[in-house]
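First to last, the protein sequences are chains A and C.
Following the numbering used here, the numbering of the first sequence begins with 857 at its first residue and continues without gaps.
Following the numbering used here, the numbering of the second sequence begins with 408 at its first residue and continues without gaps.
By construction, these hints were calculated from the structure, which means they are not laboratory data.
Note that the structure is predicted; figures quoted are calculated from it, not measured.
Watch out, some of these pointers could steer you wrong.
Unchecked claim - Covered by chain A, according to a simulated footprint, are these stretches of chain C (three or more residues, beta-carbon under 8 Å): (1) 564 to 572; (2) 1008 to 1020; (3) 1078 to 1090.
Glycine included, C-beta positions come from ideal geometry on N, C-alpha and C.
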Amino acid sequence: MANPAAPRGNPRFDGFAAVREIGPLGMISLRAKRDVPGLAAAFAALGLTLPDPRRITTAGEKAAGWMSPDEYLLILPYGEVTAGLASLAQSLSGQHHLAVNVSDARAVFRIEGVKADQVLKKIAPVDIDRMAQGELRRSRAAQVAAAFWRDDTGYTLVCFRSVAGYVMGLLEHSAMPGSALF
Amino acid sequence: MSTRLSKGGRLIDRASAIEFTFNGKRLRGFKGDTLAASLLANDQMLVGRSFKYHRARGMVASGAEEPNALVNLGRGAFLEPNQRATTTETFDGLEAQSQNHWPSLEFDVGVINNSLARFLPGGFYYKTFIHPRFAWKHIFEPVIRSAAGLGKAPKEMDGDRYEQAYAFCDVLVAGGGIAGLQAALAAALGGARVMVLEQTPVWGGRAPVDGDVIDGMAAGDWVAKTVAALAAMPHVTLRTRCTASGVYDHGYVLAEDRVADHSPGDGRPKKRLWRIRATRIAAATGALERPLSFAGNDIPGVMLASAVRDYVVNWAVSPGDRTVVVTNNDDAYRTAIALKEAGLAVPCIVDARAQANGPLPMQARALGIRIETGKAIAKVKGGKRVTGVSLCMQAGEGAALEDIQCDAVAMSGGWSPVVHLWSHCGGKLNWDATQAMFRPDMARPPTSHDGQAMVYPAGAANGALQAADALADAALAGAMAAGTSTIITAATAEARGEAALEPVWVMPQGASYKLRSKMWLDYQNDVKVSDVQLAAREGYESVEHTKRYTTLGMATDQGKLSNINGLAVLAGALNADIPNVGTTTFRPPYTPVTFGALAGEARGEIFQPLRRSPIHAWHEANAAYFEPVGLWRRPYSFTRGGENHAQSIEREILNTRANVGLLDASTLGKLIVKGPDAGRFLDMLYTNVMSSLPIGKCRYGLMCNENGFLSDDGVVVRLTEDTWLCHTTTGGAERIHGHMEDWLQCEWWDWQVYVANVTEQYAQIAVAGPKSRAVLEKLGGMDVSAETLPFMAFADGVLAGLPVRVYRISFSGELSYEIAVPASYGLELWHKLMEAGADLGVMPYGTEAMHVMRAEKGFIMIGDETDGTVIPQDLNLGWAISKKKADYLGKRGQERSFLASPDRWTLAGFETLDGSVIADGAYITAPGVNANGQGNTQGRVTSTYYSPTLKKGIAMGLIKGGLTRLGEVVEFTRLGAAPVKAKIVDPVFYDKEGKNNG
């Protein structure tokens, strides 16, 4: 079995910020109410920490994002999803929840550089300057749904796989040399 | 002659000369010039023609309010019409063309309208072209439109690029004059995150030109110091060349950033639209000077006094050697003094007031300037250029006392605060009789979500015209906008007492009709004092009606100069007070915003999101002819050789029926439904029973809305005890997901069900045809035999080394498998299938072949057989409706009398007697006519195709009586031809027994 193909084949564009497609990453969409017994333990079993509302917790290559009061996005290496789903099924056995593999339903981009924030300021109606450390925003990138968060070297943006080409086009347009906002 | 002075020019860099062209003529300017300044420096006073009378037009202003100096900029893909020369920065290589003239600017044929002016009064079009009714659309309007018009519409696609950006702040300061900077400082020192926007490239506004002294230093120095202080604060953002053009609900502000207007070709976006969320807005937008209404006030060379001062001080441009100043206030004396100080002649200051003894008039007198009080201009002399003025008594009717030769006239009728941003969201105005101006009523501000004031006017925009007052006002406004209790001490300016102005709306006050018909209010649209007075006499009492009747203020400048003068004249004609007449509504944008900025990045490849399946690239590389399905592009057919589409489709169908075909079905919606109540939930959503579906099996289901109408269909799969997978139509994926969440969140919130949309997680490929099993067996990895994997079953397994889920379902009527694979392996599986099927005759097929094959098989299609008015019973799908269930969505709707009626049109098949294809959308005729005299109908076609399999036209349709009328011959309409006869038949045309399902 060949390696899984990222939606756009991992292109890169260097403008006033660098944008590139990464992934595919392993992703699990987990639906469960916050008071479900064993939820924190289920995260812990995967090496993750249950995030607070609108936050994302990270641990190495893994991360757990709060998506809504009863939805989480778990990120882990692509090859570990099957085991991760099994672990969740075991941890939450008997509790009402839904965990599905969405690794292939997403496209993931990195926006890096000292002015990376300005790329996002052109496409997302988000107060990027006031984003807290470890904050995850579900918003939009121009005309499509997107979620993103920041780390020490830049931003990670997730969108639906089918619009990966559109989002890469947006990022390239927004990172065009000479078009920095400030 | 207007010309460049040898000295001075606050904003120009004489070391940087610039070449540009105007109407093809090569001219020179300096860096720092506006195009208007450059043109005046080259004695190009005449820059255009007015809209209606084609009268000669020159610059009247020096900023955003300019109504006359509109030009076409650039050419070809970079042509921009209606650009104001007063706000356009001159750059090397700039190309400008004047507008609205033919054949040339100097000699214009349309000017004949000018001599017909008395036949073209206000409301002329309405009166003249009202009868006959049809003539407006077909004769009058096209002729008028071709003769009229300002700039040229660009014919090529815009060669520039644009973008948008979002910003957030506590206080948005609109305007970078001394009031804006003071307000920004107050807000920023109060801790607020501040954004300051200045529409010109230069900070400071009018104060440096007017010679104000602030905190003991020249205004320009104070501005530089304050800008530096603001720039040093990390929570302050400063932007020049950026106009706050509109204020909308809850502090939403749109601003146009002219990023590269002045530096074309440097690769930057030409313009950027800022979409700003501000908690509060400080509107430090200044004030606009008003013209005076005297005869000939539109002749090139008549300019606002402040504009004359700007041209002299900022750009060292003289409007002429001799300038007569005409005023009703002290401020205009600054212009006379500036001209005198620049070494130019001021033959006379004509002051309509009885006395002028304030400090500024005294200073003018001391400079030896002649001042005539109580006087007025009876008329301006000249055609394309001012040659002189006739003086008269302001109190009189215009009898000439004296003629004075001059090259320019500087006029000032007082100042109007720019209240636009205050007014956009409903801020109210009061009439300030002392200053003769409308200014914000602080008791009636526009309010935000919290009921608090959203806009705080600052400085001249609030009627504080003097620097000393403006700074104090702005410091307070900035602090209030920031919501801070820390009120900083405002900078102080030297007060220079100015005497009160005296409102002058018509000059002289008793002017004859002849004079009034030459007093321009709206320069661009040619509306004169006499037109507004005529409108009043004809009963147009509302200022809004008068505006539309006369077109006052409806030009591209939106009445920045004409509005207040016009309504004052209207008030005079109606014998009403100005505040009782009121203003027209101030609507965004303050100045025109280019469409490119509004469109932003949304053009070309990223005009709209294009959804691509994981196999899309293969389709593109293999001559797919795409059709849009929502935002997806799906292959309609794959073209080979010299085929037309019909030939491709025929080949794809025949090959699928004879060998094997591949369809990219990835776009089908896939929703996982899980939970203890999932079965119960699905039983409510689908018309049939899904809770009884065995694990490992598939079942076709129908979904209705609560009115009973068929909404979606698809195959439902039971994955585990508490988990189902629901397939939806391509267009239904998001819609049905939303429908499910709606019922779960709003109605059955206590049911334990979760739904996940996994549509894009899987690539799904239909492998259809008698040789499909052979292809899968060649791939190897799992047992796909009829015994292990019977029709309407599924199995998880491995094919060609890839993790797959294989469904034995068929939409074509052939032996068929649908294979789902993680999307990241979709293209790989497609390649493997094409390879494995190569010697079995595998070919891809598109959506049209899929549509035809399902129609041959009599399967319905959501969107063809349904249109939101069709219930499952209409489509003979009663078998898929549970009689046992107590309830399902749509059940009660379907029991209503009209939906339960035996008279409803129901599904049948149709075959024309001559084998032809029935037209799309054709109706089935019935005898007689209805109440409207239209032919009666008894049904309509819903799907109609040429069937390559059966070699004839086949159709499905809805007809009254449906299948009870099998064998009857009915007639289908044809456009432009006699109806075609067709026999009612069973809608299953192909393999009714289902033996091909294998």
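Task: Given coverage of the region 1008 to 1020 of chain C by chain A, checked by CB-CB distance under 8 Å (3 or more) - done: holds (count 10)
- [ ] Go check the region 1078 to 1090 of chain C versus chain A for me, would you? Three or more residues, Cβ under 8 Å, otherwise it fails.
- [x] holds (count 4)
Task: Residues of the region 564 to 572 of chain C with Cβ under 8 Å from chain A, three needed, outcome - done: Result for this restraint: holds, n = 4.
In the structure shown, no violation is registered for any of the earlier numbered hints.
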